[in-house]
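Heads up: the sequence shown runs through residues 1 to 814, numbered per UniProt numbering.
Hints may be right or wrong, so weigh each one.
To be verified - Below, in silico cross-link-like pairs of lysine-lysine (DSS-like), each with a Cα-Cα straight-line distance of 25 Å or less: (1) Lys361 with Lys477; (2) Lys586 with Lys574; (3) Lys708 with Lys696; (4) Lys225 with Lys192; (5) Lys413 with Lys456.
As the list claims (entries may be wrong) - If you anchor each label on the Cβ, the simulated ranges turn out as follows: (6) Pro113 with Pro222: 47 to 57 Å; (7) Pro560 with Gly792: 45 to 55 Å; (8) Asp664 with Gln536: 39 to 49 Å; (9) Phe428 with Glu644: 51 to 61 Å; (10) Ala489 with Phe428: 41 to 51 Å; (11) Gln500 with Lys681: 46 to 56 Å.
FYI, nobody ran anything at the bench for these hints, they're computed from the structure.
Using N, Cα and C, we set each Cβ at its ideal position, and we do this for glycine too.
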Amino acid sequence: MLLSRFAATSVKPSHIVALSRFGKVALWAGASKRFVSSEIQQKDEQAGEASTATATGIIHKTEEETLLYFDNVYPRAMSLWRPTQWYNLLLSNQSREAVRAKIFNYASPESNPIHGLELRSTIPIKRDGGVFATFLVPPNYTKAALNTLIQKNTEEESSKSWFSYFTKVSVFPVKGSPWIEDLRRLPSNQIKVKFEGGFLTEEEVYALFRRYGTIVNIFPNPQEKTYGIVYRSFRGAICAKNCVSGMEVHNSIIHVQYKQLAQGHVIRDFFVNHTRIAVPVLLALLSIVAVIIFDPIREFTIEQKITHRYSLSWDNHFLKKLLSLTSSTMSSVKHYWGISDNQVQKRQLWEERQEKVGDLKLWLQENNNTFVVLRGPRGSGKHELVMQHALHDRPNVLYLDCDKLIKSRTDAKFLRNAASQIGYFPIFPWVNSVTNLLDLAVQGLTGQKSGLSESKETQFRNMLSTAVMSIRHIALKGYKPVIGSGDNAITVKEEDYLQQHPEKKPVIVIDRFTNKAEMNGFVYKELSDWAAMLVQMNLAHVIFLTETVAPNQLLAESLPNQVFKMMSLSDASKKSARSYVLAQLKETNEEEDEGSVSPINLDMNEKFVEEIDDSLDPIGGRMLDLQAFVRRVKSGEQPKEALEKMVEQASEQITQIFLNGSADPLRGAQAWELIELLSAKESITFRDIIYRPLFKAAPEDALLELEKNGLVSMKRDRGVLTDILPAKPLFRAAFNYLLENKDIYNVLRTSYLLRMITFETGRIKKWEEELKALSKVSDQKSFRSRLNYLGGKIEGSSAVINNCEEEIKKLSKQ
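The whole structure should be built from the sequences, with the hints applied where relevant.
Dropping the structure here:
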């Protein structure tokens with residue numbers, strides 16, 4: 001902190017003693033003197049510059065004047081935390097005139113005035129918190145008597161204030177020739193005393209410096225002719241430095257300076273010398289600050305994600321209220337944006353699913369433990385049934401798609417996807433990379449990991465924990481601890497409020513939930529535990545959408561002793577599918593009549609309806625396929641044409657996933673056998689394939705793998721596999737298409753036969769290895785039955801290979 005420009009008056013010419021012929025000037029202060037080179041002052045006078053204490057650093061006074069130092073007038077540097085400085089800074093006037101009046105009132109108060117006293121000049125030392133004051137000694141006083149009287153008056157006057165303990169002013173005569181400087185040498189409670197000449201004893205130093213304050217310790221250094229003095233307070237060191245510096249004792253001039261403490265590097269040294277403690281503590285503090293700042297923001301954004309209160313969409317809370325004022329306004333706005341009533345009502349369902357929607361809505365109105373598991377094959381319309389029919393008018397729904405989380409390739413991508421799904425903002429994925437680098441650095445310095453970096457599992461768990469707070473806030477939005485007033489007041493607990501108002505609780509929909517994945521499989525366990533906690537705390541309704549039975553075990557582990565509400569979706573009947581398709585196509589014509597944009601005006605004649613009926617037979621009742629069929633017909637395709645293209649698309653999907661060259665040879669051969677069997681029958685039993693060579697080793701594993709990849713679906717009776725069906729009805733038409741198209745059939749059949757040859761060749765090699773081991777045994781009679789068995793196996797496999805090669809020749813000729 002630089003010294004401010006002094007408020008003192010310009011030094012009078014009489015204060016400057018004439019220069020001697022040797023270029024020295026004698027500066028007197030009481031009985032002591034200090035010689036300073038005067039060449040700089042000569043140059044200043046020749047140039048016409050003012051020779052003031054501000055410019056030269058030296059105070060000049062005559063023999064008729066006395067120089068005193070008043071302490072605790074300004075706030076000191078480096079001590080703004082002290083009550084004294086805050087009082088002086090905020091409650092006292094710091095102007096030049098006010099300070100001069102204050103000092104004169106202390107020296108010559110009305111209760112004990114000093115007649116003839118004149119304050120000649122004041123030089124503030126704001127860095128030290130004090131002022132040098134020059135007084136003209138009245139004729140009736142000696143300098144010593146005047147100094148004693150001013151000290152007594154100042155002590156009595158400054159003690160009258162209520163805050164005298166903090167604001168008391170001390171005054172001392174200046175015995176030396178102080179050096180007035182504005183260097184960056186901040187005050188401290190330690191001073192360094194250097195002697196230019198003789199060396200004083202420790203007793204003499206104590207006698208000289210003790211009057212300014214309590215001394216804690218004295219450290220002599222005879223080699224350098226210095227003493228280190230430690231005062232208990234800053235005030236003692238400051239007064240000693242300003243009053244004694246430049247004083248001459250025993251022909252030795254005393255120089256006093258503040259001793260700079262090494263406190264400025266304490267924190268740095270702590271970090272350098274204690275990395276095992278300092279780095280984790282620093283990051284912990286940063287984490288606490290980040291939590292204080294960002295967690296409320298994240299809770300708000302998650303709440304916004306669930307309620308859409310401030311979103312620019314039709315789910316906006318305030319927009320819904322505005323548009324619900326008049327039905328005519330609502331209809332006109334929807335018509336302007338091309339939104340029909342059917343779209344607002346999220347389409348119609350067939351009869352059997354209307355009942356399921358009603359059951360689901362009824363479950364959400366129950367009071368406790370709404371834990372719903374909705375099962376259905378891929379494309380059966382689980383998402384549409386829940387989001388567009390059961391929850392379309394609910395204001396507080398959080399939808400989580402597990403598929404987007406599972407397929408994230410990097411940790412940063414996973415965290416961004418998870419944050420987007422939950423509404424967790426802001427998020428800093430790069431922080432994890434930085435903490436990983438810091439962890440490696442700390443490991444290099446300390447030899448062990450500090451545990452600073454967090455895994456993506458931990459960060460995902462933190463996101464879910466923050467979401468719990470937002471969900472709780474939403475569920476308790478209208479909660480009041482006390483209802484009524486006076487004697488009629490009723491205390492309501494949070495649990496009772498949630499029990500009575502299930503409609504207030506948000507609905508958490510977790511889609512595409514299963515129990516395993518190639519990467520990021522921990523997501524399922526974390527979501528399962530999180531959902532179980534929400535249900536147990538009665539904060540939310542939870543709906544799981546899944547394709548398999550396997551997740552039930554994982555959910556049961558997270559929520560034991562709890563009966564889940566199970567709902568299964570199957571394909572629609574032909575009657576319901578027909579009704580759904582015709583309703584969608586009829587809606588297209590109605591939109592055309594109302595003036596909305598439609599690709600084609602459909603002619604719903606009897607022949608057109610018959611073509612639709614014929615096309616729906618192979619399509620079946622799978623919701624996804626029915627919607628695709630409707631879109632194709634709406635785009636202008638004829639029903640048969642739309643069916644043919646859908647079959648071609650499904651067959652291409654089958655060949656690309658299961659039958660191409662990059663697929664697993666064994667799985668490809670198994671898929672082809674199932675395709676041939678299911679093309680002839682709507683379903684086959686587990687017994688039909690259990691003894692086939694390709695499935696004999698592990699039939700259930702093979703079928704589960706093909707079911708997971710979407711080729712087949714299976715029926716179970718109390719957990720036991722019974723029937724095998726195509727994954728969706730359209731696949732059976734695709735199977736027949738692959739078998740009836742000769743060109744495609746020849747290629748796929750040849751590929752299958754080559755895989756069979758490879759499979760049988762591998763089996764033969766394995767048996768031959770066993771035969772080689774048995775051939776080395778001397779007693780062949782003991783293993784004759786085994787030898788015959790292996791020989792028969794090799795002969796049978798060789799026959800299969802021969803048959804495959806002959807069939808390949810025939811196919812090549814075709």
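Here's how the hints hold up against the structure:
{"no.": "1", "hint": "Lys361 with Lys477", "in the structure": "holds, 22 Å"}
{"no.": "2", "hint": "Lys586 with Lys574", "in the structure": "holds, 18 Å"}
{"no.": "3", "hint": "Lys708 with Lys696", "in the structure": "holds, 20 Å"}
{"no.": "4", "hint": "Lys225 with Lys192", "in the structure": "holds, 10 Å"}
{"no.": "5", "hint": "Lys413 with Lys456", "in the structure": "holds, 10 Å"}
{"no.": "6", "hint": "Pro113 with Pro222: 47 to 57 Å", "in the structure": "holds, 49 Å"}
{"no.": "7", "hint": "Pro560 with Gly792: 45 to 55 Å", "in the structure": "holds, 52 Å"}
{"no.": "8", "hint": "Asp664 with Gln536: 39 to 49 Å", "in the structure": "holds, 43 Å"}
{"no.": "9", "hint": "Phe428 with Glu644: 51 to 61 Å", "in the structure": "holds, 52 Å"}
{"no.": "10", "hint": "Ala489 with Phe428: 41 to 51 Å", "in the structure": "holds, 47 Å"}
{"no.": "11", "hint": "Gln500 with Lys681: 46 to 56 Å", "in the structure": "holds, 55 Å"}
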